[in-house]
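Trainee: If you're matching them up, the sequences are chains A and B in order.
Heads up: the first sequence runs through residues 0 to 414, numbered per numbering that gives the first Met the number 0.
Heads up: the second sequence runs through residues 0 to 210, numbered per numbering that gives the first Met the number 0.
Be aware that a few hints might be false.
To be verified - Partner residues aside, some chain B positions facing chain A, computed with beta carbon under 8 Å:
1. R50
2. V69
3. I70
4. Y81
5. Q84
6. S85
7. R110
Unchecked claim - To list a few chain A residues with every Cβ distance to chain B over 10 Å, as calculated:
8. Q23
9. F41
10. T102
11. A402
Treat the hints as calculated values from the structure; they're not laboratory data.
Positions of the beta carbon are idealized from the N, C-alpha and C atoms, including for glycine.
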Amino acid sequence: MAPLTLPEAEETMLDATLTETDAQASLRRSEADTPSSLVMRFGTDAPLTLDAGPAIAPWQIAYQTYGELNADRSNAILICHALTGDQHVASTNPVTGKPGWWTLMVGPGKPIDTDRFFVICSNVLGGCLGTTGPASTNPETGRPYGLDLPVVTIADMVRAQAMLVTSLGIEQLFAVVGGSMGGMQALQWAASYPDRVFSTIAIATSYRHSSQNIAFHEVGRQAVMADPDWCGGRYLEAGRNPKKGLAVARMAAHITYMSDRSLHQKFGRNLQDRDALAFGFDADFQIESYLRHQGMTFVDRFDANSYLYVTRATDYFDLAADHGGVLANVFKGTKTRFCVLSFTSDWLYPTSESRAVVHALNAAGAPVSFVEIDSDRGHDSFLLDIPEQYRIVRGFLTGAARARGIAGPAAEDKP
Amino acid sequence: MTDLADLTSDVRIDLKLIAGLIEPGSRVLDIGCGDGALLELLERTRGVDARGIEISQEGVNAAVGRGLSVIQGDADSDLVQYPDQSFDYVVLSHTIQATRNARRVLEEMLRIGRRVVVSLPNFGHLDVRFRLMFLGRMPVSKRLPYSWYDTPNIHFCTIRDFVELARDVGARVDQAIVLDGAGKRLPFSLPWIVWNLLGAQAVFLLSRDGR
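Work out the full structure, taking the sequences as your base and the hints as a guide.
Mentor: So, in structure tokens, the structure goes:
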């Protein structure tokens, strides 16, 4: 993570810092319907059925691709993003102007080598960067969906991706890869479409959301909904934005992405821009200042209702539930090769949950590789420069490519 | 597939021996697979469906990096998760002496696999006996390079000890191969007592009695 630099403005309460330029707001608004990335539009003849019951149509899915699809169409890798990620895995985010979120993993010569593989990354269903979500215009009303969009699930997200992949002319993906909520999608792919996934890499993830996970998400959602600017979910039409609520939600969630140890090492009880306690409720401590910064940069790029939808989708995730509660039954007879990775300090999706997935895969007789990577940086480790992770993914993909009869990633990173 | 006979001499002799015991195309679980050298050899020369368990992170990383299906796990605690008879062979190569409950591990292996292959260093070897008897010290050698206080090898046994354990858990010894200190195979006709004295390491092929 980059060293902490904070604007001076953070002296008083959170709201003083939550000023957003109109340009940024309208940019985010336009990305929801007309993304600057590629987008696949499905008409009323290709409705998307949802676990909640109703189907939606027309609908759309925004995506990016990198590299070239080979003649056999056998080198495609789908990358699934995490909770508040996007399709810009290895290209500049149009709203924030920041580089892609997984450039250590994806690119020329990287483990997911765009010189060898055709890489697809799409914005999730319920997201806010061009795939149909609560910020998208409801074709029936001409207004943003808001809460009129049915609640979506991880399986719905995957169903939408499968329709995209089919439209791109790809029958079987060489790999589906994801961390955190992206890992849930990767596991869901293997469960829903075993014949369409040659290999799966699921990082820092789980087969179901725990009570504690749901609890943290509920705090976040309540914070959003308690903000008067939320307007019952109709803030876009009201020209408002529940920034304070969303920022608090992000602050709470952000704590769960780090470990106690990494927080202690990074901030300890250090004071922010002062030599002594101020005896007030300003951000005395660096950690407070850091969290406020995380909160306020988040609201600039993310839609509040979208946050409700994606957190709900992960809460509802329980792979075994549809298979009599037995996880091994989910993967019965699968031929997909699995790679499961966890991190020692990840308490959001602890290693024990990855192990449960691995045990189920073993019981199902599936080929599986599993490593618990030593890292003290918590759940976010999967996005950080932890060389072990990239080495293992490179090795796993090399073996899988050999088995599939296609070119694997370059032997090591380009200098 | 590469033929076993074509392998260069840098492949460890006990791994080559184990590979020779495995039917081509079978399902194999290697417990304590280290960096996956045996699994890779089996994939290459025997076309097996190879799986491994390894406790050390370096080992797992190296094995997964080779494209092998290896999981980080512990022989003492993680074998229960595998269904009965889910592998054709379960291999324990130079690992039994590092397990906490060797008997339990062997029983689990006989449950999981139709056949069980165990290779082990023989603590009854002449060289070991010599060091203990004349130097009065726990043996440290090229084959057993650890000092007593930091060795992962907590349950050493002799060839005779192992044969007795195998009998106790209801295993039948289908094949036994004993190598001397130079890695040469001892003649089959020698009595156990000689094997136990001259054998530096042994490889056993077991199956559950009555099958």
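Trainee: Does each hint fit the structure? Answer for all of them.
Mentor: Against the structure, the hints:
1. Given the 8 Å rule on beta carbons, the hint for R50(B) holds: about 7 Å separates it from the nearest Cβ of chain A.
2. Evaluation of the V69(B) hint against chain A yields a held restraint, the C-beta minimum of about 6 Å falling below 8 Å.
3. The closest approach between the C-beta of I70(B) and any C-beta of chain A is roughly 4 Å, which is under the 8 Å cut-off, so the hint is satisfied.
4. Residue-level restraint check for Y81(B) holds (minimum Cβ-Cβ distance to chain A is 6 Å; threshold 8 Å).
5. The criterion of a C-beta within 8 Å of any C-beta in chain A is not met by Q84(B), whose closest approach is roughly 11 Å, and the hint is violated.
6. Of the supplied interface hints, the one on S85(B) holds, with its beta-carbon coming within about 6 Å of a beta-carbon of chain A, less than 8 Å.
7. Because the beta carbon of R110(B) sits about 14 Å from the nearest beta carbon in chain A, more than 8 Å, this interface hint is broken.
8. Interface exclusion of Q23(A) from chain B stands, the closest Cβ pair being 43 Å apart, more than 10 Å.
9. Taking the minimum C-beta to C-beta distance to chain B, about 37 Å, the non-interface status of F41(A) holds against the 10 Å cut.
10. Chain B leaves T102(A) outside its interface by the beta-carbon criterion, the shortest separation being 22 Å against a cut-off of 10 Å.
11. The claim that A402(A) is not at the interface with chain B is violated, since a C-beta of that chain comes within 10 Å of its own (minimum 8 Å).
Hints 5, 7, 11, counting from the list given before, are not met by this structure.
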